[in-house]
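Q: Residues per chain, in single letters:
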Amino acid sequence: MADDTSAAAGTSTETGAGTESNLRTTKPGTKRLFLTVSVLISFLLGAPFLLKSTEIHRSPLPSAAISSLSDHLHSNPPSFPCHFQAIFLSPFKPSDSSLSLSVAERIRAQLSAQSCGNCNFTVSVTVDSGSSCRHEGDAASAACLWECGGGGLVDAIEGRDDQGIDELLLSAVNGRTGGCAGRVYSIFVIEGRDERVVIGKHRHAWMVLKDLDDSTSVVSMIGTVFGDYFMRGGVEKGEYIPVGSDGNVVLSFSLLNSNPSDWIYDWDFQRTGEVLLAPVLEALAPVANITMESQVLYHAPKSSISYWDEKLEAYVVNTRDLPFFVNSNEWHLDTSLSASGRSKVLQFVVYVPSASECPLYIRTPEGEMSKTNAFISPMWGGVAIWNPPGCSMQSQGIHIVRDVLPPQELEKIIEIFIGQLRLLFGLNSNYVEPSPKFKVLASEKGFTNWELDLLYRQHTCFNLLSSLSTLQSLSTLVESLPRMIVMDEIGKQVELSLEAANLAESNISLGINNASALSSIRARALAEDAFFHPSIMSISYSSMEHYFAIYMPFFAPVSLHVLLAAVKEVKRYFAERSKYLTFRASKLKSS
Amino acid sequence: MGLFEKPKSIWSILNSRPITFYTSSFPLEKVGSSFFHGERFTSRPLTGEGAMASHTFLSLLLFYFYTFHLVHPIHCSVGSNAFDTTSAPQEEFSEELLLKPLPDYKVLAHFHFTSTSPPSSSNGQHHHLFPKSIAQLVKKYKIRELELSFTQGRWNYDRWGASDPLSTANGKPPGVELWALFDIPTKEEIDATWRNLTHSLSGLFCASINFLESSTSYSAPLWGFLPNNGDLRYGALPREAVCTENITPWLKLLPCRDKAGIASLLDRPSIYRGHYHSQRLKLRSDGLNGIVIEQTLSVVLQPIDRTSWSMHQLFKKSLMGKCALAKSSKVFLEIERSLVSQNENILELVGEADMVTNDQRDHSTIYQYNVERYSEHEALDIRVNWKKLLQVSFLQTPLHASRFLMGSGNERGSIAISLQSARNSTKGLYDNSKNCFTRVVIFQVVPWYVKVYYHTLRIYVDGAIRDAKDVVEKINVTPSEDKVSPGTLEMMLQFPCGMMSAALTLDFDKGFLHIDEYPPDANQGFDIPSALVSFPDFISRRIYPDSISSPLLQSYKGRNIVKSYTEVLLVPLTTPDFSMPYNVITFTCTVLALYFGSMVNVLRRRVSEEERLAKSKDKRKPGLIPLLISKISNKVRGIKEDSANQSQSSQPILGPKVVFKVVLIALIAVLGHYFFNSS
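If you read the sequences in order, they're chains A and B.
Note that the UniProt record's numbering gives residue 293 to position 293 of the first sequence, counting from 1, and the numbers run on in steps of one.
Note that the UniProt record's numbering gives residue 248 to position 248 of the second sequence, counting from 1, and the numbers run on in steps of one.
These aren't lab readings, by the way, just hints derived from the structure by calculation.
Mixed in with the good hints, there may be bad ones.
Cβ-to-Cβ under 7 angstroms is the rule here; a few derived chain B residues that face chain A [stated by the list, open to error]: (1) 125; (2) 132; (3) 256; (4) 436.
Capping the alpha-carbon separation at 27 angstroms, the derived lysine-lysine pairs in BS3-like fashion look like this [said to hold, decoys possible]: (5) B/615 - A/31; (6) A/571 - B/617; (7) A/492 - A/27; (8) B/615 - A/344.
Bear in mind that the values here come from a model prediction, so they are computed numbers and not experimental data.
Where a beta carbon is used, it is the ideal one built from N, C-alpha and C, also for glycine.
Here chain A stands alone, though its shape is the one from the complex:
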């Protein structure tokens, strides 16, 4: 319709037809140019709307906050407020005025910088002997300091055994300090004849020294007790805590009869085991919610090779063969059904060897036999070998022995298991004292209070770090896959987890232990939930190829048309305009 007018105006029908087409008398029309360009522009303008409408729903993740908190935690790991106090119950004149500072110095010197679960400690020294009462050093509050008046303790200690002293000092500590944010660890220094250092079951230790004048040795002793034991538990690293992300642990005890045609042993785990293990589980309750179960399995041979050792008159497994000891084909230990969700199952296995490999011992690399005849595998559990009595005498018997594991033997095995549990939790199974004067009291609960504090700190710290590393890997994953659907639920979980992590961190610095542990567990559980959310699998259903397959059949041919038309029209417009311009110029010249 527009053809008649614009074509007549735009083309040089009359003039160009005869002689030359590079001359034009009229101005080139802009209607078609406007039309094609406007179509192109409307397409360009529409593109963002199209992209917006076909956008995949992605809940925004607070990746900046995650990485900043993670950086913050890595650069300075959360440290828990602790207070160390040395109480001199005997008259003591420090040579230099700042004894507490030198103790702190001493502790710091041994502190490895980046380990998780360390104390942010304060040190104070109190001299409380008879009439004199002197405080020195810094404490978070006066409540953390020892209240003087414990002069009678020195006499009371005389003639008591270690257990008695421990209980006595516990009541004294409870009576004279309290209301302090964070834990208070005390060491009592007494002048006496037989020198000794004893670390109690609770949060205190005591030293009996002949001579208090040598202040450097006193400082070094106090520093060792505080730094190596109360703060680090005498171990270098405790990276993994075998606790499920929901805070549950299942201890699964199995008695494995290697070959029931030789002998069959049963056990009364329910009676003996539960009695022995109940206090341990109770003690660990703040760290993890532990349940236990037991079973007896048969036809479960080990898979590593043992060989006869003439000297020991026994079959021997070398330490380097231990990784193959656990026979996952035949040991149907089963992950427990009652362990719901993401609980951790720790396997404890008593292995009864068959007649062809009895007695069976583990040989250490030094060539000695293992004392406990047991080993652990971190994060999996432990194995103890139990050789039936008189099994070496037993030759090929046609009949079958059926017996019950003697309760005394079972008690021994469970003691080994408690040691293994301590190892699995990152503590020493038992302390090797550097000198006979040094003693660490063991708790009948398996874990002393200060060890539990340590686990508690490490566990909280570990949870916090692992939740942040999970969150960070989730956010990198989401960023690297632009077509991945991220549900609102995941976003919410990530936010809540981050919130809980922040809360835990602030609670740690304030010294609110329970709250920090709870929120750190929550942070980890939420982070794991977000990471293992089933909807993350839906990534394959909205791939880039799918997107192209749907939109290409329309947009490829259409964009070709639009682009070509625009290019042609613009070209033509400029060509015609130059013709017109030359015509005008020639006209001007001629006129």
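Fit chain B to the supplied structure of chain A, relying on the hints for placement.
A: For chain B alone, kept in the frame of chain A given last:
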């Protein structure tokens, strides 16, 4: 995907809740109680005399051992006396194998393992023999009863027997069947527990039982399957394949697995070569008996030599002693009376049995072998020789049930269940008097996409259509709800005893599924699970003398109702072209692009100017194509001038020579064609 939106079923609009109406005066309680007694009886432990007898037997054995091994200082004992440190009941395990020659010269091997755990607060926590995982399952999901079966092949009710306890209890529908009774009060909780249970079981048994999780795949029958108070859930997966990955976890539940004892006979290639293979786990839990699990495996094997077979030939393995943990370990050979009654010398046994007994009604003879007597040096091998080949059949069900589809096309069809009287085998039960009726219970679950119109139920008795009121005693229909629940039909019918045949038909429409809901092999069709036809008036039981203490034979004593499963039906549904969405997109987009392109061109192009330009170009120089043609022809001519021996055919210009040659060849071809055709 509006195309796939299917019309709602009339029944589901009418009523989404179960409809129950009774047409006869038979109350539910009566039927229920008879079922219930049957259950109770089987679950009872060993009776006094039986246990006593076994003890005297054991003490004899004990004596035998002591005479030889008194020199050994270590306490030696056998069987149940082992853990006698406490008086509390212990967890027990027993293993049995029953071999039964079938009339068509096949052999049925029925493995039966029983584990019991006495009621205790530590169930699910501390176990010695009993599988911990099962106890935890029972405890976690509060299961009262559960049965899970994996079956491949179909039990041949005609030839292998239908009304003896073994076939009644072990004939199972193909694929996976799972039912469970829960000890949970509310319906919602039961459904949630069922869902969790299916997931746990699928993890335990390496099978896709978790497909029974969706509410479209399980149903809650009230009395058609087993009388209950609404706490039963039933689901079946007819297409589940059964193989070694399912038997390995099943064996894991046995204390000796397949390392020793009777289970060591389970040579995988031999047992999977069979004609029928059914692996079952049945558990019962109550406060009185604790948890009892029965693990059975029934295989029907074809011996290589039809006239003579032995255990070793069947299984390719030898039975060398019992599982050391089993309280009892026995192998039975059951010979049906009908096999030997006609001619005493038809069958010959090699191997000395420890005990031979008949059941009370003299239906069969049991030969018992105690595995304890055998060892590595002397393996147990039972050999059976047939002296004469003959065709007999075992006890049949009163009515032989089969199910099939009628109709054609992808729109509608009908399901028919036909019941044929098997009168010759159960003669005594029938007379033509008017007061005699046979009751038949039919239980059938139909997936929602097969929309059954239950009002179209037609019943034919001896070929004549009968009013439903006369035949149906009671009926319970739960219509299917689209994508929510399957349709369930429970129906109790009573037929006159003299009836020869009956048939039931139900019409259905085939529904449409959403494109996402089709399985990968949608064109294969969809399976409707087997229907269960049971005969509450007929009870299969065999009572053996109490001198045999065996959990397997004990279960024979129970009042098992005679029942049989029908075939699985394969319904072909309309399957869409799965690439259709993309085709539609591509096609529409092409049309739109064409339209758009032409519109843009119409608006933009100047026709008169282009024509003028074309004309002026013609004047100046020839077009592109004529130019090309002239170039090529020049080239060809140039080459021809250069090389004379170039083939003539490359000459593009039609010279007279070429024309002549083409005509000549065409002529030869026509003539040749004509010549060959005429000859």
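Q: Each hint should be assessed against the structure and marked as holding or not.
A: Each hint tested on the structure:
| no. | hint | in the structure |
| --- | --- | --- |
| 1 | 125 | holds, 5 angstroms |
| 2 | 132 | holds, 5 angstroms |
| 3 | 256 | holds, 6 angstroms |
| 4 | 436 | violated, 52 angstroms |
| 5 | B/615 - A/31 | holds, 25 angstroms |
| 6 | A/571 - B/617 | holds, 19 angstroms |
| 7 | A/492 - A/27 | violated, 64 angstroms |
| 8 | B/615 - A/344 | violated, 88 angstroms |
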